[in-house]
Amino acid sequence: MPTLFIYGLNFIFGTIIGSHLLVIVQRFGQENFISEKSHCDSCKIPLTLLNQIPIFSFIRYKGHCFFCKAPIPIEALYCELLGGIAFLPLNPYLDQSSYLFITFIFLISIFDYFDHSFPIFVLLPLIWLISLNRSFSSYDITEWILIITTILIFLIMNLKNKFGYGDTIIFIILIFYYDFYTAQYIFLLASILLLINHIVGDKRNTYPFVPFIFLSLIFYNFL
Numbered sequence: 001m002p003t004l005f006i007y008g009l010n011f012i013f014g015t016i017i018g019s020h021l022l023v024i025v026q027r028f029g030q031e032n033f034i035s036e037k038s039h040c041d042s043c044k045i046p047l048t049l050l051n052q053i054p055i056f057s058f059i060r061y062k063g064h065c066f067f068c069k070a071p072i073p074i075e076a077l078y079c080e081l082l083g084g085i086a087f088l089p090l091n092p093y094l095d096q097s098s099y100l101f102i103t104f105i106f107l108i109s110i111f112d113y114f115d116h117s118f119p120i121f122v123l124l125p126l127i128w129l130i131s132l133n134r135s136f137s138s139y140d141i142t143e144w145i146l147i148i149t150t151i152l153i154f155l156i157m158n159l160k161n162k163f164g165y166g167d168t169i170i171f172i173i174l175i176f177y178y179d180f181y182t183a184q185y186i187f188l189l190a191s192i193l194l195l196i197n198h199i200v201g202d203k204r205n206t207y208p209f210v211p212f213i214f215l216s217l218i219f220y221n222f223l
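In this note's numbering, the protein residues as written are 1 to 223.
Be aware that one or more of the hints could be misleading.
[What the hints assert, rightly or not] Heads up, simulated BS3-like pairs for lysine-lysine below, C-alpha to C-alpha not over 30 Å straight-line: (1) K69 / K37; (2) K37 / K62; (3) K62 / K44.
Treat the hints as calculated values from the structure; they're not laboratory data.
Please read all numbers here as calculations on a predicted model, not as lab measurements.
Modelling step: build the complete structure from the supplied sequences, incorporating the hints.
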């Protein structure tokens, strides 16, 4: 199958995933996001298939509902674009698990963006992937010492409210899905992105960190 065709399918698939993940987060604990039809949050009118085409429908209707003309949050477009970009470099022949891994990291990042927290159950598929990957079995004693020391430092930061417990959990997941050094690289890049956002963007006391981890993960997958 031509590489360009795979890239195209990946991007389309990613935009659809991004759109649906946002719906899950928005409806979580309030509506049934599995069986209920997609609808406008303002007028509640069910959306047609044409109204649900990722990116295209947002641009076509200029970020407004086709029926009631209420504005659609810009986060909808961001999630669709990020989903497409995140899936773009993945290879369906070499590593199918990456699709699932990216999906759930993306879901956690959206939860973290809106709520500064995420439900514990979304970690279960990631833990399952780690158990299949079994990269932790290849670490030597020196690497285990480095890993444990780093995690302890993170936990101290958690106790001092300088760092979220969820961020530490994601770091541990990255260690055992990839490796210790890759996890460090992703976290370093995420920290740089957060610092840039703080300098050029809004100045806040707290930031959701998982979205920056997700952005760093996208960058890493393109390398």
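Hints versus structure:
no. : hint      : verdict
1   : K69 / K37 : holds, 19 Å
2   : K37 / K62 : holds, 22 Å
3   : K62 / K44 : holds, 19 Å
In terms of the numbered hints stated before, the structure departs from none.
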